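Colleague: One letter stands for each residue in the lines below.
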Amino acid sequence: MKPFHVSDCTLLTNMSGLPVAVNLRELRDRIAICSADVLYHHFCETPLVPFFDNPDYRNDFAVWAKLHLNDRVLAERLGIIDPYLFADIEILRSQVLDIIDERLSEVQVVPTALSGSEFYFLEATTVVFDTGNVIEHPTGLRNAILNMTNSSIYFHFLEAKRRPPVCIDDFSAWLADWGSDFEPYIQALRSIDLMFLSLAELKNELTTVVAMQGE
Amino acid sequence: MGRKLEAYEGIVGTAVIRQLRQLGDKLAGKRVVHVNSTREGGGVAEILAWMVPLMEDLGLDARWEVITGSGDFFSVTKSIHNGLQGFPLTISSAGWQTYQDVNAVNFERMRPLLEDADVVIIHDPQPAPLLNLCSDRKGKWIWRGHIDISHPFRPTWKALKNFIVGYDASIFSMCQFAKTLPHQQFLIAPSIDPLSDKNCDLDIHELEEVRARFGLDPTRPLVVQISRFDRFKDPIGVIEAYRLVRRVIPVQLVLAGGGATDDPEGKAMLNDVLEAAAGDPDIHVLLLPPDAHRTINALQRLADVVIQKSTREGFGLTVTEGLWKGKPVIGGDVGGIRSQVVNYHTGFLVNTPEGAAHRIRFLLHHAELRNNMGMKAQEYVREHFLLTRHLREYLTLFHQLLSKREEKMFYV
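Taken in sequence, the protein lines are chains A and B. According to full-length UniProt numbering, the residues represented by the first sequence are 1 to 215, in order. According to full-length UniProt numbering, the residues represented by the second sequence are 1 to 412, in order.
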């Protein structure tokens, strides 16, 4: 069986070049044309960028709808979207646009942000590097996770779902090669609810569920 | 002599240090030159004082150069600085010529270093013309804007932009500060050094010595604003807020700041503050020398509430410093203060002296909440605003620029 090579990554955010959105209609129009990387950034890369660690919602669109459009209905509808359930980011885009279109059909006045609170469309570059650490056997997974950085966790457990095989994290893909003995590990990893976990919390959760399977 | 990365292990953890070493290994030997306009005073000099030694510790050939100039030059660059922050000041063509001439003299001194560098980072507007002077450059040039230029005085930005457009990339502290430019614009928030004299732990004797030195009463609450005497830091507004609080609580106020060699306006502002504070023994206006870092550290630690009531702000490192010391911060609702101060979690954002007074009173009346907010504030800084995160983002940027890769994700 192949060992698991632990990678790490760092993220650098940059401006996407899209104009800012001042109101909900502009947000909709920009989301319709922005690159997949922009959409991915605002949905999935949020745990890696500086942001207060106790937001109501995990994606930037829902946060903006709540804080700056003062549209809590829209925030709730956008906030429940789990981007990792979508195998194709274009399907995610369609769903977001559908939610916004529905909201635009409901409101009498287009929700608008105050000056200075516009939505900025960002994206990020990810640099990946080999840490040199190797996990030889699934029984070493828990200790290896304990020693990983939060960004390693992000790369192997969250970002991995965007790479082929899509929607599968690197740990589960590796464990699948070890046969049915480790199927419970995969099921345990699949059972983690990502929505409200910071990367540090996710790391704790991963070590807990992996340790429970080893007992 | 700068510190080694391992000195920070106890604060940020082993994994974070190991990650930086792994990123740095692949950049070993790269020549990186930072250029700014002062070695002392202000957030940029403080950042470079730790960043350059740590880059060297990672194996990069990092240098820090400072441009020098006459009083006329710094008057012009101060006007540019103020113009970029929205203050309508017309700069004459002679002023712009002085700006370019002084840069040309500095360029000749630095020419070999700048021509051979793999990466040159030009901090703020003062040395921006160096790029156009360096026609034989080999490396990548980055312009790093530290200040809030979201609403500049248009003629100032229009003129300065001519010096910026040729850079390979620019860096801003927040997306709100970025301008439309024909190159990639990266976002990197600044940070603080938790082991510097300004931020390290201090023992109780040192705190009490500072308290006694400035005649502060240990039995009464203390509000502290640390910043340059600059109109955009609104020290007069802080005094107004203090007077509103003072009607009901016997609070003391410290307004403390140093001068910077590139800030000729500071003296005039200081005089205005002294005049506003005249006759009140509980307002302590302190002009501190540039090396009074431990004194500033102590004043922040002695404070019950830290305030930074800016009306324009770049990132606001004094806010970060206050949060790191476990103090909730009352900050102006502008610039980078918005990224750091979260209402009811790490402090309060305010827009007026009245708002500041209201929140000072609230915090002074809620000691337990104040302590809880302070603890949360320190953890927030540990995660996001310490120098290790800052260094990591610079290394990531160097990898991207030097590898010439355009994919969203790539391996090094």
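Read the hints as simulated data drawn from the structure, not as lab findings. Model, not experiment: these values are computed from the prediction. Some clues are possibly wrong.
Think about it this way: if two alpha-carbon atoms lie no more than 30 Å apart in a straight line, the pair counts; the simulated BS3-like pairs of lysine-lysine are [unchecked claim]:
| id | chain 1 | residue 1 | chain 2 | residue 2 |
| --- | --- | --- | --- | --- |
| 1 | A | K161 | B | K404 |
| 2 | B | K376 | A | K203 |
| 3 | B | K4 | B | K179 |
| 4 | B | K408 | B | K161 |
| 5 | A | K66 | B | K267 |
| 6 | B | K138 | B | K179 |
| 7 | B | K408 | B | K26 |
| 8 | B | K267 | A | K2 |
| 9 | B | K138 | B | K26 |
| 10 | B | K267 | B | K78 |
| 11 | B | K78 | B | K4 |
| 12 | B | K408 | A | K203 |
| 13 | B | K26 | A | K203 |
| 14 | B | K26 | A | K161 |
| 15 | B | K158 | B | K78 |
| 16 | B | K78 | B | K161 |
| 17 | A | K203 | B | K158 |
| 18 | A | K66 | B | K4 |
| 19 | B | K26 | A | K2 |
| 20 | B | K26 | B | K140 |
| 21 | B | K179 | B | K404 |
| 22 | A | K161 | A | K66 |
| 23 | A | K161 | A | K2 |
| 24 | A | K161 | B | K78 |
| 25 | B | K138 | B | K158 |
| 26 | B | K404 | B | K376 |
Just some of the chain A residues that point at chain B, by a computed CB distance under 8 Å [what the hints assert, rightly or not]:
| id | residue |
| --- | --- |
| 27 | H5 |
| 28 | D8 |
| 29 | Q108 |
| 30 | M148 |
| 31 | T149 |
Backbone N, C-alpha and C fix where the C-beta goes; we use that ideal spot for every residue, glycine too.
Colleague: All the hints need checking, so say for each whether the structure fits it.
Modeller: Each hint, compared with the structure:
no. : hint             : in the structure
1   : A:K161 to B:K404 : holds, 26 Å
2   : B:K376 to A:K203 : holds, 20 Å
3   : B:K4 to B:K179   : violated, 36 Å
4   : B:K408 to B:K161 : holds, 28 Å
5   : A:K66 to B:K267  : violated, 44 Å
6   : B:K138 to B:K179 : holds, 26 Å
7   : B:K408 to B:K26  : holds, 19 Å
8   : B:K267 to A:K2   : violated, 68 Å
9   : B:K138 to B:K26  : holds, 20 Å
10  : B:K267 to B:K78  : holds, 13 Å
11  : B:K78 to B:K4    : violated, 35 Å
12  : B:K408 to A:K203 : holds, 25 Å
13  : B:K26 to A:K203  : holds, 27 Å
14  : B:K26 to A:K161  : holds, 27 Å
15  : B:K158 to B:K78  : holds, 16 Å
16  : B:K78 to B:K161  : holds, 16 Å
17  : A:K203 to B:K158 : violated, 48 Å
18  : A:K66 to B:K4    : violated, 43 Å
19  : B:K26 to A:K2    : holds, 26 Å
20  : B:K26 to B:K140  : holds, 17 Å
21  : B:K179 to B:K404 : holds, 23 Å
22  : A:K161 to A:K66  : holds, 28 Å
23  : A:K161 to A:K2   : holds, 20 Å
24  : A:K161 to B:K78  : violated, 50 Å
25  : B:K138 to B:K158 : holds, 27 Å
26  : B:K404 to B:K376 : violated, 40 Å
27  : H5               : violated, 11 Å
28  : D8               : holds, 6 Å
29  : Q108             : violated, 29 Å
30  : M148             : holds, 7 Å
31  : T149             : holds, 4 Å
Violation of the numbered hints given earlier is confined to hints 3, 5, 8, 11, 17, 18, 24, 26, 27 and 29; the remaining hints are satisfied by the structure.
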